[in-house]
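Participant: Sequence:
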Amino acid sequence: MDSNSTEKQIDIANESGFLRFYSELEAKIDTTIRFFDFGDFHIVLGSDAEYISEFILKTKSRIRHRGSSKIPSLTISSTTFTSLLKEIILTRSYRVEIYEKKNEKTDEWFLKTKASPGDLGDLEEIIYSDGESSSARGLLAVIINGSDDVHVGLSFIDSIDETIRVGEFDDNQYLTNFEAILVQLGPRECILPQDNKLTCFKRLQSIINSNNVLLTTVKPQEFKINDVNDEIKVVEKLLRKETNGTDFLEKCKLGLSALSASVNFLRLKHSLHFGQYKLESLDTSSFVRLDSSAISSLNLFSTIKNNGQQKTIDSVFALLNFCKTSAGQRLLAQWIRQPLTDINRIEERLNLVECFVKNVEQRQIIHEDLLRRIPDLIRLAKKLHCKRASLSNCFSIMKAIECAGKIVTKLESLNDKVIAAVFVGPFNKVIKRLSAFQKFIKERIWFDELSKTVTVIPTYNSSLQSENKKIIDIEEKAKAIIKRIARDLGLELGKGLKDECDDSTGFFLRVTKKEERALRTKNYITVKNPKKDGVRFVNEDLEDLNKSYLACRKRYNAHEKEVVTEIIATAASYSDDVRQLGFILSTLDVIVSLSITTVQSAMQFTRPKVVSNQFGKIVLEQVRHPCVEAKSSVSFIPNDIEFDEKKFFLVTGPNMGGKSTYIRSVGICVLLAQMGSFVPAKSATISVVDGIYTRIGASDKQIKGYSTFMMEMIETTSILRSATKNSLVIIDELGRGTSTYEGFGLAWAISRFIASDIKAFCLFATHFHELTKLSNELPSIGNLHVSALTTDGTLTFLYEVKKGSCDQSFGIHVAELASFPKHMLESNAEI
12 MDSNSTEKQI DIANESGFLR FYSELEAKID TTIRFFDFGD FHIVLGSDAE YISEFILKTK
72 SRIRHRGSSK IPSLTISSTT FTSLLKEIIL TRSYRVEIYE KKNEKTDEWF LKTKASPGDL
132 GDLEEIIYSD GESSSARGLL AVIINGSDDV HVGLSFIDSI DETIRVGEFD DNQYLTNFEA
192 ILVQLGPREC ILPQDNKLTC FKRLQSIINS NNVLLTTVKP QEFKINDVND EIKVVEKLLR
252 KETNGTDFLE KCKLGLSALS ASVNFLRLKH SLHFGQYKLE SLDTSSFVRL DSSAISSLNL
312 FSTIKNNGQQ KTIDSVFALL NFCKTSAGQR LLAQWIRQPL TDINRIEERL NLVECFVKNV
372 EQRQIIHEDL LRRIPDLIRL AKKLHCKRAS LSNCFSIMKA IECAGKIVTK LESLNDKVIA
432 AVFVGPFNKV IKRLSAFQKF IKERIWFDEL SKTVTVIPTY NSSLQSENKK IIDIEEKAKA
492 IIKRIARDLG LELGKGLKDE CDDSTGFFLR VTKKEERALR TKNYITVKNP KKDGVRFVNE
552 DLEDLNKSYL ACRKRYNAHE KEVVTEIIAT AASYSDDVRQ LGFILSTLDV IVSLSITTVQ
612 SAMQFTRPKV VSNQFGKIVL EQVRHPCVEA KSSVSFIPND IEFDEKKFFL VTGPNMGGKS
672 TYIRSVGICV LLAQMGSFVP AKSATISVVD GIYTRIGASD KQIKGYSTFM MEMIETTSIL
732 RSATKNSLVI IDELGRGTST YEGFGLAWAI SRFIASDIKA FCLFATHFHE LTKLSNELPS
792 IGNLHVSALT TDGTLTFLYE VKKGSCDQSF GIHVAELASF PKHMLESNAE I
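Under the working numbering, the first residue of the sequence shown carries the number 12, and numbering increases by one thereafter.
Since the hints were made in silico from the structure, they are not lab data.
What you are looking at is a predicted structure, and each value in this text was computed from that prediction instead of being measured.
Where a beta carbon is used, it is the ideal one built from N, C-alpha and C, also for glycine.
Here are the simulated SDA-like cross-link-like pairs (lysine to any residue), alpha carbons at most 20 Å apart as the crow flies:
{"id": "1", "residue 1": "Lys533", "residue 2": "Arg547"}
{"id": "2", "residue 1": "Lys450", "residue 2": "Val575"}
{"id": "3", "residue 1": "Lys280", "residue 2": "Leu260"}
{"id": "4", "residue 1": "Lys289", "residue 2": "Ala583"}
{"id": "5", "residue 1": "Lys506", "residue 2": "Arg528"}
{"id": "6", "residue 1": "Lys280", "residue 2": "Ile171"}
{"id": "7", "residue 1": "Lys244", "residue 2": "Ser292"}
{"id": "8", "residue 1": "Lys125", "residue 2": "Ala38"}
{"id": "9", "residue 1": "Lys642", "residue 2": "Tyr810"}
Have a look at the derived ranges for each label pair, beta carbon to beta carbon:
{"id": "10", "residue 1": "Ala432", "residue 2": "Arg566", "range": "52 to 60 Å"}
{"id": "11", "residue 1": "Ser89", "residue 2": "Lys443", "range": "38 to 46 Å"}
{"id": "12", "residue 1": "Tyr752", "residue 2": "Ser297", "range": "39 to 47 Å"}
{"id": "13", "residue 1": "Gln476", "residue 2": "Gln375", "range": "41 to 49 Å"}
{"id": "14", "residue 1": "Ser34", "residue 2": "Lys506", "range": "52 to 60 Å"}
{"id": "15", "residue 1": "Lys565", "residue 2": "Lys539", "range": "13 to 21 Å"}
{"id": "16", "residue 1": "Glu35", "residue 2": "Ser750", "range": "49 to 57 Å"}
Throw the hints in and build the complete structure from the sequences for me.
Facilitator: Below is the structure:
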């Protein structure tokens, strides 16, 4: 964020009283930022001011010190307050508290709003006002029983899609099942009961923290259920009519406990939230299991904020994201986290993508012209349901329905059976139901092109019509008076003299400072308030007319407010259909986005052949790492991989030679195929995998109390307990965190276990060349190496992957490339 995003520091009235209130506040945790609302600006104090200055604004020059205690203070302008909230809550996963004065006459302050990543509360509309989308959202609640053989109950509430998911399952002490579910759901915040004495609690914290999820502890009684039936009745009030039943909750008591804590945390027992949510039993078997490491090591999501500038391909999400709607971007992130295991569903997505790849005209019109007009209907549906929508929101929904009709026409012209089943049929059904909404809105509101505002049509309501007629009559009288004044002043309307009107003062005229002398000799002129833009004035007739106008306008506004309330109340009954239309449009947006990724790639993307896991093969021809390829200024060297009789490959070669890029490219290709996307390869045949697990280098996210080697072993153990013969395992440089002998021994044992016991597809990049001898013992293990040449002492990377092991070490050559001190290289050579 730009350091200039704060205004000049402002003096505040009764500073001592304000600082006294601040000093008497209860101590808070460091991950909570407190704002104090002064209307036109906000102030942060103490360590909060220092944190924002140092880590967000990147400068301390804006800090001033208040009071005798010299408390650090930072003033935040209203124009940049929203972007700062996004940075704090969405990017940094911090909590926020906003305090406000009770009234101007007192020094008393109160906590008006508080928010966290999983509970945005009243700040949700502010934070998402410009269509902000995110790969993570929602609140996860977790409760665990047992120590070695643990039983996990959880609930996930997505306030955007208005979905509640509840489940419980058995797990091990490494919580491998929980980790896979956490990755699939992608929550922003996770709540746990305080004072948990379970031995696996530290591992639970490790998983949550490594996924950049804010961890919040609550009182244990928040998870306590006194009566199951009473708790289920509370849940039933939250559910929409068409949602699934709640019968499964009776057998899911631990999950229900987690849901009870979530409902309390999000304050959902208010009638405002009734009938809002859809209930689902948490089923993860339909998706590929990903571990935490896979998210980061495969670069699925960006960790760098782009600030809406030029598209930067630094992640798989950025590569695929050509979505025009916020809902589409959220769904794309969900698809990346949840690759499919059902071949029929994968093929359906691939058929849809291929249809748009082949049909250029329809794809371009839908993407460039129609989808860009679609607002975030899923969020608008939520506002409708809560009766918080505006006339402008209703108008936007009406225009979106019209646009959806045009999209259907383009889709029908494709004459494709899959398009008809997935999009045309559902579109037509929901648009038909929403036709009544369109008619209702068209008859009651209109859009003023000049003022860009949406208002109620006056003729709709007799009271409005009567007051509007009076207003029109007054406006005509005002025009006559204004013309008379202009003639008397000898000024021409629209040039040196302008006539204006507002709801607070009524009609008035304004002259520039240059023409102000024309008023000085006119005794009937009353000057209102001289400003930089000129002098405002009225005469006695206009002032008398304004009294009638303002009274009339007040009555009109009161009637209009009543009518708007009635309109929104009726419109709210269509919220479910608006939500459904939003879901269909977001799915279309993602499919079109995937097709654009395919056609705009500089090198070939191809449709993968996805086959049953009984086939037991993964064959990729000329596979590439799409993110590296997109950023690279040189041509990418593609390579092959064939898992068949040999399902385990040791990959050796020099550092910087391309081993890591190669093994990652295979993982990304498999993930893309199973999410229903074309892949960066000349050809691809992929047996459905049930999990993608990675162990890449030393962890960047050390958990307090765990060494690098301990983290390496925990993550590897998690893979060994989770992977099956249908999983893809990617390991890069295992055993570096301990001595060479121990590291090699562990790498040997782990490789042997994966190849002979688990029998998973595995790529193992290693600097232990001796490991390649394993291929002599186990026929399922093969050797690959990345090639390089040394000519006259100069190392040249070829980036080609060839069969067999690397026949020499290139460590000294790589050190030379890194400008290692010459005398140390010579010493190394002597040794």
